[in-house]
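J.: Build out the structure end to end from the sequences listed, making use of the hints.
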Amino acid sequence: MILQIQGVSKNFGGLQALQNVTFDLPEGQILGLIGPNGAGKTTLFNVINGVYLPSKGRIIFQGEDVTHRNTTYMAHKGLARTHQIVKPLNDMTVLENVMVGACFGREGHGLAQARKIAHEVLEFIGLSERADQLASSLNVAQKKRLEMARALASRPYLLLLDEVLAGLNPSEIDHMVDVVKRIREQGITIIMIEHVMHAIMNVSDRILVLDYGQQIAEGSPEEVSNNPKVIEAYLGDPKLAQRLMEGAE
Amino acid sequence: MNTLRNHLGLIASLVIVVLIGLGPIVSQNAASREVAFTVLRAIALASGLNILLGYTGYVSFGHIVFFGLGGYIGLYMITAQGQSLWVAMLLAGLSSAILAFLLGKSILRLRGAYFALATIGVNEAVRAFINNFEPFGGPIGMSVNFGVYQKYGGAMQALNMSFYVMLALTIVVVIMSYLVKTSKFGLGLLAIREDEDAAEVMGVPAPDSKTWAYVLSAIIPGMVGALFFFKNGSIEPAEAFPLHTSIEMIVMVMLGGQGTVLGPLLGAAGYQRLRGLLLINPLFKNIQLAVSGVVLLIVILFIPAGVVGWLRRRWPQWRRVLQ
Ligand SMILES: Nc1ncnc2c1ncn2[C@@H]1O[C@H](COP(=O)(O)OP(=O)(O)OP(=O)(O)O)[C@@H](O)[C@H]1O
Ligand SMILES: [Mg+2]
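Chains A and B, in that order, give the protein sequences. Following numbering that gives the first Met the number 0, the numbering of the first sequence begins with 0 at its first residue and continues without gaps. Following numbering that gives the first Met the number 0, the numbering of the second sequence begins with 0 at its first residue and continues without gaps.
Bear in mind the hints are in silico, worked out from the structure with no lab data behind them. Here a beta-carbon is modelled for each residue, glycine too, at the ideal position from N, C-alpha and C. Careful, some of the hints might be misleading.
[Unchecked claim] Cut-off 20 Å, straight-line C-alpha distance, at most; resulting in silico cross-link-like pairs (EDC-like, lysine to aspartate or glutamate):
(1) A:Lys180 <-> A:Glu122
(2) A:Lys76 <-> B:Glu33
(3) B:Lys183 <-> A:Asp131
(4) A:Lys228 <-> A:Glu217
(5) A:Lys76 <-> A:Asp90
(6) A:Lys76 <-> B:Glu133
(7) A:Lys55 <-> A:Asp23
(8) B:Lys183 <-> A:Asp90
(9) B:Lys183 <-> B:Asp207
(10) A:Lys115 <-> A:Glu128
(11) B:Lys183 <-> A:Glu106
(12) B:Lys183 <-> A:Glu128
[Said to hold, decoys possible] Some chain A residues flagged as far from chain B (calculated, every beta-carbon gap over 12 Å):
(13) Met0
(14) Gln28
(15) Pro87
(16) Asn201
(17) Tyr211
T.: In structure tokens form, the structure reads like this:
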């Protein structure tokens with residue numbers, strides 16, 4: 000198991016953003032994390048990578064209890080993530096953005112080696128022509144790819160992807176899905192938050208569903224999309240429920 | 000040849016510093032030497048501040064505290080302990096570094112305006128402390144016995160030497176600024192400046208990096224302080240910790256271009272020139288500080304990246320030189 004989440008809760012004041020979430024993640028899998036808006040998906044990422052301390056529970060990463068570790072420590076240990084609301088380092092070039100990942104992530108390279116890795120990763124992710132542009136000049140789709148590139152440049156063991164498909168057009172989504180699959184082929188374990196149902200059902204080995212901070216279902220894409228609880232959770236959004244059903248076909 | 004090309008940014012900056020220094024050396028004119036000393040001092044202070052303000056994105060309104068502290072430690076070593084200028088400067092730089100280290104561990108947790116306010120508080124607190132600290136002469140301060148200058152071949156000779164030392168310090172600070180900017184450490188600082196949370200998620204050890212940036216940005220002002228007050232012959236609290244000079248340092252950095260090596264240099268030289276012109280103009284003589292406020296406002300409104308930042312954007316092919 001690369002990651003074990005044991006009874007994790009997170010409160011914000013009176014709000015229970017996560018309640019007793021528990022699961023194990025085997026190495027090399029893609030875990031899809033779905034749930035309606037405000038379900039606590041991003042909060043779970045924040046708790047795993049040390050942005051927030053959980054109110055209760057334990058987080059074990061590669062056999063080590065990392066519950067109280069901060070985000071920098073987690074980065075050095077081989078955890079990388081993207082942000083739902085992109086956080087480009089605006090006044091730096093695309094290449095420099097990615098070099099930060101290579102320099103300060105798990106492998107902690109020097110500048111020369113980091114530059115090499117950054118070029119490789121940009122090539123892989125399809126941002127090579129933009130390498131010398133400022134990050135602020137990218138469009139949203141490109142900024143999402145930049146988030147991925149930075150994360151990959153750190154050569155992580157576990158990658159957390161927070162809605163990397165949101166706001167992309169169908170052909171961009173296809174490209175991203177392909178990229179995600181190729182990342183998994185490199186042996187990197189992935190947890191992926193996504194609202195684009197057909198895509199997440201297509202790439203995930205397993206799906207976990209959160210609703211109001213509770214873990215309401217877990218299983219293969221087929222199991223989850225036929226689970227009445229899940230359909231109910233999405234009923235507030237019938238369109239989404241519809242897409243969910245289609246995605247499973 | 001190739002390595003020269005890679006370091007064009009540094010070379011351009013050094014050429015400017017050397018040219019400023021060469022003027023009075025060639026002309027052997029005492030008045031122009033004094034002007035050049037002031038310009039070099041401004042460049043050194045602004046370049047030091049730039050490591051924190053420009054590279055790391057933390058605005059320090061009280062940076063002059065390191066200049067004042069360095070001045071006091073330096074003069075104390077020279078007058079009360081009979082040490083040489085060299086030992087005094089070394090200890091001044093060290094004291095500033097230690098103060099910055101301790102401050103870094105405490106107030107660098109604060110972000111944005113809170114940090115800026117805290118730095119003002121630190122400056123005022125240190126000034127108030129020294130005002131009441133008898134070994135440093137309390138409100139009266141300390142003065143250098145003329146005999147001290149004999150060691151350096153008399154007062155005239157000491158003045159002359161101070162100029163060369165100032166020039167050397169300025170060259171050191173420009174090289175340091177360049178090395179920081181082009182290092183892995185510097186890359187981490189820039190990442191912190193752009194988005195500290197994102198930087199930490201990528202593994203940049205932000206608290207430590209910020210502290211070291213603060214330390215580096217404090218050493219040079221400390222050494223400059225010791226040199227300046229050695230040359231000045233005396234020190235007193237109001238002279239050592241002038242808050243308005245802190246603000247002028249910020250104006251210089253912003254005017255020239257924060258986060259670049261060349262920016263603080265051009266900003267400091269340009270600002271000093273402007274200030275000199277204003278001082279001899281009867282109309283502006285008394286409001287030159289107000290003018291620096293207006294300059295800051297204009298820069299922030301119209302060229303927020305400063306002159307060098309603007310040039311870099313206008314002529315990207317010159318980026319190698321305009322670092
Ligand atoms: N820092 C915070 N302080 C207070 N409340 C928060 C904070 N972060 C998140 N929340 C709340 O916790 C709940 C879960 O938020 P979270 O962002 O994890 O949802 P999500 O599942 O990622 O939703 P979405 O699909 O819209 O991104 C929401 O009600 C949100 O308002
Ligand atoms: Mg979210």
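J.: Given the hint that lysine 76 of chain A pairs with glutamate 133 of chain B, does the C-alpha gap stay at or below 20 Å?
T.: 52 Å, violated
J.: Check whether the Cα positions of lysine 115 of chain A and glutamate 128 of chain A lie no farther apart than 20 Å.
T.: Holds, at about 15 Å.
J.: Does the claim that glutamine 28 of chain A lies outside the interface with chain B hold up, using a Cβ gap greater than 12 Å?
T.: 23 Å, holds
J.: Methionine 0 of chain A clear of chain B by more than 12 Å, beta carbon to beta carbon?
T.: 23 Å, holds
J.: Find the nearest Cβ of chain B to the Cβ of proline 87 of chain A and say whether that gap is larger than 12 Å.
T.: Proline 87 of chain A is in fact no farther than 12 Å from some Cβ atom of chain B, at 8 Å.
J.: Does the claim that tyrosine 211 of chain A lies outside the interface with chain B hold up, using a Cβ gap greater than 12 Å?
T.: Answer for tyrosine 211 of chain A: holds, closest chain B Cβ roughly 26 Å.
J.: Assess, step by step, whether the Cα of lysine 76 of chain A is no farther than 20 Å from the Cα of aspartate 90 of chain A, and give holds or violated.
T.: 28 Å, violated
J.: Just to be careful, I want the Cα atoms of lysine 183 of chain B and glutamate 128 of chain A compared with a cutoff of 20 Å; is the pair within it?
T.: 24 Å, violated
J.: Does the claim that asparagine 201 of chain A lies off the interface hold, with its Cβ farther than 12 Å from every Cβ of chain B?
T.: 28 Å, holds
J.: Between lysine 180 of chain A and glutamate 122 of chain A, does the CA-CA distance stay at or below 20 Å?
T.: Holds, at roughly 16 Å.
J.: Would you mind confirming whether the straight-line C-alpha gap from lysine 76 of chain A to glutamate 33 of chain B stays at or under 20 Å?
T.: Distance of about 55 Å is beyond 20 Å: violated.
J.: Does the structure keep lysine 55 of chain A and aspartate 23 of chain A at a Cα separation of 20 Å or less?
T.: With Cα atoms ~17 Å apart, lysine 55 of chain A and aspartate 23 of chain A stay inside 20 Å; holds.
Hints 2, 5, 6, 12 and 15, counting from the list given before, are not met by this structure.
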